[in-house]
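Visitor: Next come the chains, spelled out residue by residue.
Number of protein chains: 2
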Amino acid sequence: MTDKKLIGVDLGGTTCKFAILTTEGEIQQKWAIDTNILDEGSHIVPDIIASINEHLALYNMKPSDFVGIGMGTPGSVDIKEGTVTGAYNLNWKTKQPVKRDIEAGTGIAFSVDNDANCAALGERWQGAGQNEPNVILVPLGTGIGGGIIMDNKLLHGTAGSAGEIGHVVVEPHNGYLCTCGNHGCLETVASATGIVRVARDMAEEYAGDSKLKETLDNGDDISSKMVFDLAKAGDKLALAVADKVSYYLGFALANLGNTLNPEYIVIGGGVSAAGDFLLKRVQKNFEKYTFKNVRDTTKVVLATLGNTAGVIGAARLALD
Amino acid sequence: MTDKKLIGVDLGGTTCKFAILTTEGEIQQKWAIDTNILDEGSHIVPDIIASINEHLALYNMKPSDFVGIGMGTPGSVDIKEGTVTGAYNLNWKTKQPVKRDIEAGTGIAFSVDNDANCAALGERWQGAGQNEPNVILVPLGTGIGGGIIMDNKLLHGTAGSAGEIGHVVVEPHNGYLCTCGNHGCLETVASATGIVRVARDMAEEYAGDSKLKETLDNGDDISSKMVFDLAKAGDKLALAVADKVSYYLGFALANLGNTLNPEYIVIGGGVSAAGDFLLKRVQKNFEKYTFKNVRDTTKVVLATLGNTAGVIGAARLALD
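First to last, the sequence lines map onto chains A and B.
Using the numbering used here, you'd call the opening residue of the first sequence number 1 and step up by one each time.
Using the numbering used here, you'd call the opening residue of the second sequence number 1 and step up by one each time.
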């Protein structure tokens, strides 16, 4: 390996994280700036360039010390052109030539991919994926994204939609309406918001004693974290919700396994904080719906990097 | 491209097909021999070697005229080692070192993969896949196999089970028992045998007029071809069976599209002879269960090569 370094950038709607890493994946420096989405997001790229240049000066480094910069971003990415479209939470209304501008502004080679793909690269390289060639990340957040790495390469598909595991349909009959316009997508029942929706619906039909039902009947807000905390404490309704959500997840991940037979399917995102309690239930359903060779060789595990996965994976982009 | 040629071998339980192709994929010679599975299949590899050497002499060609030999085979393939295990319809009870033996016997470089993967390579290269980088073949035969090509490469997964689309579960509750030991696999309802099973079950509950029901009630055998022929002729029960099978196929292929966003999903195998009648119904369900970007960019089409896909794809193995 070379002594040169990597820069990872994880661009989000509120903050933009940066890190300088060795080519072995060790983080040497880390910082973050606020994302300024004013004026149609026109400050974002100049702010990124300025922040990189400032920190290089601070650390007494020059462009030739780096293999490259990799960045994860919301929106649709044209990885060849290095452009981003449809990143609404950045206020970007037109196609952004991020590669052209950041290469010109820093003098360092630049690659970009979407944030879910970068997080998958990060978890695979330095996290739960153990650097195996075939790893899938399924991050359970407000929505559900996904990134698929097979034979050491991120899959993008013909129009960039490979890995959109949140829109795999798990409830083909009378499923909930999804933000994508379809019904019954995994995201509608297993994202943080989906879990709350499942809980609300199940509470309506539930008759027994339950703190979760009480909270909902009082008109108080609940969160997916609260559902899992109550389930762990033995709340019967919350347990039923956890079981239903785990069924949907296990079913979807099993078919992902049956189709791709990766070494690891990594569950990440905020919901994965429910930990082994969630994992065990998902694994039970995964085992039920996979055929033998996949059941024996594909493992469902929890993410280990938390929200540094994005910046680490972005740096990895620069290496590949 | 080189002037050198490719040899494709499509090894099956009853015949073994051979072809000599240009590196552009044009078939120049074609022949076949019977597969002799006696004596634990010990004649198979020697017969293949002898047949190749005979035909090379016949056409006045020598080993150095070839880039290589590629072969598709039943069973589990270790593509690196070039060995085959578990090919029960060839009567092979132990691991077969096909690469070692065929290279030694012919003096030509040899590659091997499973038959479904080779058929996928063939349909992608010279058939319905239009040589696009992202193509999936779903062959509907007695069983359902599958081959997935992403970014111009066959996917194998961590233990060779990538592409086993027949074992994607489409009926998670009370599905039929599959040969794999699971319930509700796509193969149980959309393979040639699965379609007959769906027809039998639906006939039991069907009350109206139907030639299909009459045939079944008489205890006569039916085939998936008969179901589709009767459906095309307006038989109400047969139409209901065709709709149900098309739902399962469309649902499974939609989730394949949502996960991988290939350019083409190619329906092949004997059942695909039902043609546009089947295709249109599958597409309708595919459109229902895919999200917009996949619906707009992933196309479900019929295979065009028939059973030469295997030998063409095997030859392609030698090129890659």
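Simulated from the structure, these hints should not be mistaken for laboratory data.
None of these values were measured; they are calculated from a predicted model.
Among the clues, some could well be false.
Derived contacts from chain B toward chain A, CB cut-off under 10 angstroms, selection only [as the list claims (entries may be wrong)]:
| # | residue |
| --- | --- |
| 1 | P74 |
| 2 | G75 |
| 3 | G160 |
| 4 | I165 |
| 5 | L239 |
| 6 | D243 |
The following label-pair restraints were derived from C-beta to C-beta distances [unchecked claim]:
| # | chain 1 | residue 1 | chain 2 | residue 2 | range |
| --- | --- | --- | --- | --- | --- |
| 7 | B | I79 | A | T304 | 58 to 64 angstroms |
| 8 | B | D320 | A | G306 | 50 to 56 angstroms |
| 9 | B | D101 | A | A32 | 44 to 50 angstroms |
| 10 | B | S223 | A | E214 | 55 to 61 angstroms |
| 11 | B | T304 | A | G306 | 44 to 50 angstroms |
| 12 | A | K4 | B | S76 | 49 to 55 angstroms |
Every residue, glycine too, gets a C-beta built ideally from N, C-alpha and C.
Visitor: Each hint needs a verdict: does it hold in this structure or not?
Guide: Comparing the hints with the structure gives:
1. P74: Result: violated, 15 angstroms to nearest chain A Cβ.
2. G75: With a closest approach of 13 angstroms, the B/G75 hint is violated.
3. G160: Since chain A brings a Cβ to about 7 angstroms from B/G160, closer than 10 angstroms, the hint holds.
4. I165: holds (6 angstroms)
5. L239: Hint on B/L239: violated, closest Cβ of chain A at ~20 angstroms, above 10 angstroms.
6. D243: B/D243 check fails; min Cβ-Cβ to chain A is 14 angstroms, beyond 10 angstroms.
7. B/I79 with A/T304: 58 to 64 angstroms: violated (31 angstroms)
8. B/D320 with A/G306: 50 to 56 angstroms: Since B/D320 and A/G306 have Cβ atoms about 39 angstroms apart, the given range 50 to 56 angstroms is violated.
9. B/D101 with A/A32: 44 to 50 angstroms: violated (60 angstroms)
10. B/S223 with A/E214: 55 to 61 angstroms: For B/S223 and A/E214 the Cβ distance comes to about 59 angstroms; the hint holds.
11. B/T304 with A/G306: 44 to 50 angstroms: Given about 49 angstroms between the Cβ atoms, the range holds.
12. A/K4 with B/S76: 49 to 55 angstroms: This hint is violated: roughly 42 angstroms between Cβ atoms.
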